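Heads up: the protein sequence lines correspond to chains G and C, in order. Note that this note's numbering has the first sequence beginning at 1, numbered continuously upward. Note that this note's numbering has the second sequence beginning at 502, numbered continuously upward.
By construction, these hints were calculated from the structure, which means they are not laboratory data. Treat the numbers as computed from the prediction; the structure is a model and nothing was measured. Some hints here could point you the wrong way.
[Stated by the list, open to error] Output of the computed footprint for chain C on chain G, the stretches with three or more beta carbons under 8 Å from beta carbons of chain C:
| # | stretch |
| --- | --- |
| 1 | 333-341 |
| 2 | 370-383 |
| 3 | 435-443 |
C-beta: ideal position from N, C-alpha, C; glycine also.
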Amino acid sequence: MYALNTVDKHFPGVHALKAVDFHVGRGEIVGLVGENGAGKSTLMKIIYGAYQPDGGSITIDGTTMRFQNPRQAMNHGIGMVFQEQSLITNLTVMENIFLGYEQQFVKFGIVDWRAMAKAARHQLAKVKLDVDPATVTSQLSFAQRQLVELAKVLTLEERIDGDLVILLDEPTSVLAKEEVELLFQLVRDLAKRASFIFVSHRIDEVLELSDRIYVMKDGAVVDVVVSDEADVDDIQHKMVGREIDKEYYREQKQAPYAAGEALIRFDNVSVDSRYRDISFDLHRGEVLCLVGTEGSGREAILRTIFGLETPTSGAVTIKGEQVTRFAASAGVARGVGYVPRERKVEGIVNGMNVYENMTLSQLDKYSDLGVLRVGDEKEMAKVWVDKLAIKTPDIRKDCGGLSGGNQQKVVLAKWRSGGSDVILLDHPTRGLDIGAKEDVYEMVREMNAAGVGIILVADTLEEAIGLSHTIIVIKDGEFQKRFDGTPGAKPSLYDLVHHMI
Amino acid sequence: MTDMSAQTEALGSLLTRDRIARWAPLLVLVALVLLFPFFEFLADLLAGKEHVYLLDSRFFSIRNGARIGIAATPALMVAVGATFIIIMGSIDLSMEGTVSVCAVLFAFAFLGWGGTLASWAWLAIPLALVVGALLGFVNGMIHVRLKIPSFMASLAMGFVGTGLALLLTGGDRLRVEDELFRSLLTVRWLNFPIMCYVALAFLLLAWFIQSHTALGRNFYAVGGGEQLAQSSGLNVARVRVMGFTLAGIFFAVGALLAVGRIGIAETATGNNFMFVSITAVVVGGTALWGGIGGVWNTLVGVLIVNVINNGMVVIGLPSYVQDGVLGALVILAVALSTNRKSVTFVK
């Protein structure tokens, strides 16, 4: 019924989807799995109309379609239930269900609330949710809101003639076990009315619910399995199975770390609702990688080390001193540097030039009684521009105009020039092209050689394995397993995935 | 063919949006300075009088330049104070109250401690600056500690200030007639009164703070990316409070010059400063969302506003037209400096 035929999608420097074939039959529940970055979300966005494919075609019952935006896709029966819920919490349930489609209840410019409530009750009955449509959405539980979201999508049934295809993006990620069961029951019932595409990284759930499963890797569909004939292990292998290039990650330059005193010691540290009882040591010259799915607590651990989160229990020791005051400024003073994932938001200041960005974290060092020594700043910036081969015409150039890789180098120069010897890297290669990625890997090894300890949250599992001395796997905020990453004895992708999900 | 496209490309890169936005205020100022004499020229020509363009202009004369300077200096100081806040991406609307309180307290102290600069009464000047700093500090603390949006916190503080000034004076005017103090206006060097040079000195100080101190750099960092400033280890709350304190000091300088100009301190001393100073900052090209602009932009902005006011008087337009024109100018300036592609929602 609904089909994507050899669909291609390019982004600058990335071939995000490679000739993807995908089809959904009437009343079918189709699963979609893949690692982060495998292309799942790009594919979803093409299906619900947020992106347009560069090549290939979309057909519904054999007719070729081209959707300019999600609303056009909706008018052809394609609905999306978002992972980040898209309900507006200060509106009532019925207002949310008919958001953007209130016109049908308007007479002479006045909304007929009673008619809307009646129609909303009808939709809510479809998802077996018994709440007053006039309830303000913020009063509902998370699971209830998920159902409202589904009811909202199901309004398509009345609105359009053709068949429905409904995308469920990670619908179970925050639900309790019983709630998941209820949701699955409901989806199975609704399959009479609509087809579903179920996207999740919980492979067991995908297996349980779906009829067929598409497995994606590196922007391509590597296999389509019938769920009766597949098992979890099998699918995991297909998701990750690929060769790792040792050169690429500079494995030959990976030297053993210094065994002496730990730079950072976590002793049963917990942050309420983020992670619990995490312990590890980071040494000089070590790359320690935190591996887990999105929301598993990796980022929260980085933020704790930097001082942006305060532990609720346990002890954090940095260079032999137990940390008592958790603040970013204190973290910087202890020599911790943080390279955040969102470069534009937290990495570099747009509108400030290269040297201003580099000295931002260390203005005290470059000023006397608050008066800046701009000459010294420029001197330092020139040294680091040469050292890291930052491609900029001038150190007065606005950082916003540099390429992603060079921006990343400026951020690293900021911390390294300030003498930071603990560097926290959060997805340091996200959005960089291959050359720039290799530059970052090279810098990681150089920093190690200079005695810097690095905690890494990697963009891909290969990157995690290739770069690190130590890997700690975390799932739902809890420690799962520690792997040793000495070259030659590195864990396989499969070992990690097995403990992650 | 290829040459053509290369040429247009070069022109395109020369006339980028950034560049236009950067130099537009100055061009507007120059255009205005040439426009008003033209109107005079036309009027005289129609009346059959002999008139040499620019040479015979009442607008384009040193005497009128000094008049504009006198009118502009207090507003310039207030606008410079507001500039720092706007660079941080906040806004300060407390200037009217702060200026009134500073002016009134200065006058009380000045008159009470001897009434002439030659006595201990000069201490009233630092006192006014301290009062301005204190009001700004309170303003900043309310904004940062209670997490009240800066426009609301400062607007409320402004009302408190105006009320306080009225309470202190009981509605009376305080006359500051000391000749030494009034020499701010009466003594002229090169045709311009001393107050213009005082303002110039403070403008240079503001420029120094903006470009050569850690605090100034921090203002830009907070305005350019608050999260980033925090994750670079800056104490953003402290930077904000210091910004408001600094703005308070400049408001106080504005109050002193305002008293020096007319020799009277009263509740109404602060009137009109809010509209004029915010208009000036924005028209000068400092972006309302922070991170871009500076005190030189503000100087241009203040001159634009005052040139329009003065020029309209010279060519004989009523004052209510002036307010309308300034309002339209603000909308135009903000519309020009906003990159609508990058802004999806505006609240």
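Whether chain C covers the stretch 370-383 of chain G (at least 3 residues having a Cβ closer than 8 Å to its Cβ atoms): holds (count 4)
Claimed coverage, the stretch 333-341 of chain G by chain C - three or more beta carbons nearer than 8 Å: It holds: at least three residues are needed, and the stretch 333-341 of chain G offers 3 whose Cβ sits within less than 8 Å of chain C.
Chain C over the stretch 435-443 of chain G, status - at least 3 residues with CB closer than 8 Å: Violated - the stretch 435-443 of chain G has 0 residues with a Cβ nearer than 8 Å to chain C, which falls short of three.
Hint violations for this structure: number 3 only, all remaining hints satisfied.
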